[in-house]
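Engineer: The residues making up each chain are set out below.
Protein chains: 2
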Amino acid sequence: MKIRCKKSDLAKGVSIVSKAVPTKTTMPILECILIDATTNIIKLTANDMELGIETVIEGAIEQKGMIALDARIFSDIVRKLPDNDIMIECDDNQQTLITCEKAKFNISGKSGEDFSYLPYIEREEPIIVSQFTLKEVIRQTIFSIADNDSNKLMTGELFEINGDVMKVVSLDGHRISIRNIELKSSYDPRKVVVPGKTLIEVSKILSGEADSEVSLYFTNNHIVFEFDSTVVVSRLIEGEYFRIDQMLSNDYETKVRINKKELLNCIDRATLLVKEGDKKPIIINILDEVMELKIKSQLGTMDEEIMISKEGKDLLIGFNPKFLIDALRVIEDEEVDLYFMNAKAPCFIKDEKESYIYLILPVNFSGAV
Amino acid sequence: MKIRCKKSDLAKGVSIVSKAVPTKTTMPILECILIDATTNIIKLTANDMELGIETVIEGAIEQKGMIALDARIFSDIVRKLPDNDIMIECDDNQQTLITCEKAKFNISGKSGEDFSYLPYIEREEPIIVSQFTLKEVIRQTIFSIADNDSNKLMTGELFEINGDVMKVVSLDGHRISIRNIELKSSYDPRKVVVPGKTLIEVSKILSGEADSEVSLYFTNNHIVFEFDSTVVVSRLIEGEYFRIDQMLSNDYETKVRINKKELLNCIDRATLLVKEGDKKPIIINILDEVMELKIKSQLGTMDEEIMISKEGKDLLIGFNPKFLIDALRVIEDEEVDLYFMNAKAPCFIKDEKESYIYLILPVNFSGAV
Chain A
1425 MKIRCKKSDL AKGVSIVSKA VPTKTTMPIL ECILIDATTN IIKLTANDME
1475 LGIETVIEGA IEQKGMIALD ARIFSDIVRK LPDNDIMIEC DDNQQTLITC
1525 EKAKFNISGK SGEDFSYLPY IEREEPIIVS QFTLKEVIRQ TIFSIADNDS
1575 NKLMTGELFE INGDVMKVVS LDGHRISIRN IELKSSYDPR KVVVPGKTLI
1625 EVSKILSGEA DSEVSLYFTN NHIVFEFDST VVVSRLIEGE YFRIDQMLSN
1675 DYETKVRINK KELLNCIDRA TLLVKEGDKK PIIINILDEV MELKIKSQLG
1725 TMDEEIMISK EGKDLLIGFN PKFLIDALRV IEDEEVDLYF MNAKAPCFIK
1775 DEKESYIYLI LPVNFSGAV
Chain B
1425 MKIRCKKSDL AKGVSIVSKA VPTKTTMPIL ECILIDATTN IIKLTANDME
1475 LGIETVIEGA IEQKGMIALD ARIFSDIVRK LPDNDIMIEC DDNQQTLITC
1525 EKAKFNISGK SGEDFSYLPY IEREEPIIVS QFTLKEVIRQ TIFSIADNDS
1575 NKLMTGELFE INGDVMKVVS LDGHRISIRN IELKSSYDPR KVVVPGKTLI
1625 EVSKILSGEA DSEVSLYFTN NHIVFEFDST VVVSRLIEGE YFRIDQMLSN
1675 DYETKVRINK KELLNCIDRA TLLVKEGDKK PIIINILDEV MELKIKSQLG
1725 TMDEEIMISK EGKDLLIGFN PKFLIDALRV IEDEEVDLYF MNAKAPCFIK
1775 DEKESYIYLI LPVNFSGAV
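Residue numbers (my numbering), protein chains in the order written: chain A, 1425 to 1793; chain B, 1425 to 1793.
Everything labelled a hint here was simulated from the structure, so no lab data went into it.
For clarity, every value in this text was computed on a predicted model and none was experimentally measured.
Be a bit skeptical, because a hint or two may be false.
All copies of an identical chain are treated as equivalent in the list; a pair is satisfied when it fits inside any one copy or across any two copies.
[To be verified] Straight-line alpha carbon distances no greater than 20 Å define the calculated EDC-like cross-link-like pairs of lysine to aspartate or glutamate that follow:
| id | residue 1 | residue 2 |
| --- | --- | --- |
| 1 | Lys1448 | Glu1700 |
| 2 | Lys1615 | Asp1509 |
| 3 | Lys1528 | Glu1686 |
| 4 | Lys1504 | Asp1727 |
| 5 | Lys1467 | Asp1775 |
| 6 | Lys1467 | Glu1606 |
Take the sequences, apply the hints, and build the full model.
Structural biologist: As structure tokens, then:
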């Protein structure tokens, strides 16, 4: 194989596919990036067997072939080479020469034959969303997946299509994040659970531009993201996702409208009295026109008052401050509405048309006041 | 005590003195910042017994007094408060109330009486340098102090005044860094060894502005840095510094003039084949008009050629690439001159008027080529 391409193109492609290179694996071939120039395009691929990414880069093929190169070394070399044409050339023993200007690197590769290609997926009827929307919706929900594997389904997110609405849901047993996205067209209903890791890596690659699109293909076992010159294929998480509709409710006894930034800054300040791992709740006392927030730990106490407009009953309720912060951080609205039933029922933060719903369970705070 | 000051002033002051708060200590009082408002100024102090910093901040004293507050919690609180007036008020039991707008923090302080004040230093005949110069000279030499304590003197830097020249030297047994700074006035000769830690912290506080000055006072046991509203007092390292003059030489068999950036980038690239802790040398082959650089490790090999102008003999010599990188990074010149005697003698990188001299010992590379 002998190819030539621009450093910037190669560096971008390597950075994209590197997201699918596992950090730990017992199969050394998975730590490689495959350069496939067997046809008339140059394709880079990485694949950790759950998540696979391939991307096509521009360049000239002087001799067809393929080679698998250690992802870490190869990407380090590409990143540090001068900003000029890079030539990659390998012999029958997979000895690979990487040349740029007067710099020559010689490293050992592995046979491309040993590499696991991405599974072939029949791609029919894509869901189209903008890169911006997909990147945003991941950011706005990913924080409430569970990070341990005790319940596999909680480590992923539900993507549910119904007509022209895509609903994205994550939950971890203490809270639920829901975003409803309006699509430009209407689609047949479908429903998959996508691994959180896949979404985190995909959102790193997405440009986030509003006028670039992503095509999503759902199959029984896989989801495919197709955008720019890149294809991401991921396994789905098997099983029936949680029935969240029965956890949602429109009833409330107390409704509070509050300035989002004031609330967020106040809770953020309060948490500096809470050491990592310590589970001190923030106590919220809702009165007419004012919300009192208190936190108390070995380090000291904090009190603060925020002006609100309120409907319904007074309420004293406690929360894990991190859960409130996570939700408030990803809401763009200047003012938010909080709905409460009582001190033991979940709080809902949602807008009127329910483009977002954040459900957060309260915590017991007997003795914490 | 009851004081009021602007959040920005307080945050800046706290950030400055925090540099002298030890990360680990068996004396809890040292983890505190002392707020001293016993006179008509507000002074913040921190002191780890080696290094002490005090700074005066603007503000109003409504009731005189002093209090010692845990540095970490106090600085977190100040940083996260709104950008407005902050009131600090403490009672006779050292309970301290910090108020800003509607936020109220209540934390326990310690009696200011238990705090160790900075030693009183007679300040006579200061050396004046600009903040820019001092910050730069620290950056340009600090990398070659030794980081272990097997030889205490190597963990510090020599500051030597001779007439209108200040010489700053650091060495670690493998290399020496020397900078000669021209001063605006002439001073009596003096010579001290300043702990590296002090210099690192001082350089973080220095604004780096060319038209702000620092006054340096040297005594037998201490150095004092006075600038803006801040005073830094540090113990000196005792003992006679190494006689470096006898290690320097103006003789050479080979002189090379080379583009600094090309050389630096090339060595930087080469090091990506060297894993942390692995001691692979970079082999430099000096020929007429060209310098070849080679590195070889388990990961692969790199070769590169750089155009040079050369005087004297050809030479094959090996170096720890990190030592070359450290020196080249802090030299501003576009072209640098390298002086060699033979493959076992040190290399000198220096300019004509010797405003900088970097001495680097070569390494044995038998079998590395």
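Engineer: Reference check for the pair Lys1504 and Asp1727, CA-CA at most 20 Å: within, between, both, or neither?
Structural biologist: between (52 Å within a copy, 14 Å between copies)
Engineer: Using 20 Å as the alpha-carbon threshold, which applies to Lys1528 and Glu1686: within, between, both, or neither?
Structural biologist: For Lys1528 and Glu1686, only the inter-copy Cα distance (15 Å) is at most 20 Å; the intra-copy one is 57 Å.
Engineer: 20 Å Cα cut-off: does Lys1615 pair with Asp1509 within a copy, between copies, both or neither?
Structural biologist: neither (45 Å within a copy, 53 Å between copies)
Engineer: How would you classify Lys1448 and Glu1700 at a CA-CA limit of 20 Å: within, between, both, or neither?
Structural biologist: between (27 Å within a copy, 19 Å between copies)
Engineer: Tell me, please, which holds for Lys1467 and Glu1606 at an alpha-carbon limit of 20 Å: within, between, both or neither?
Structural biologist: neither (34 Å within a copy, 58 Å between copies)
Engineer: My question is about Lys1467 and Asp1775: at a cut-off of 20 Å on alpha-carbon distance, are they close within one copy, between copies, both, or neither?
Structural biologist: neither (44 Å within a copy, 49 Å between copies)
Hint check: violations occur at hints 2, 5, 6; the rest are consistent with the structure.
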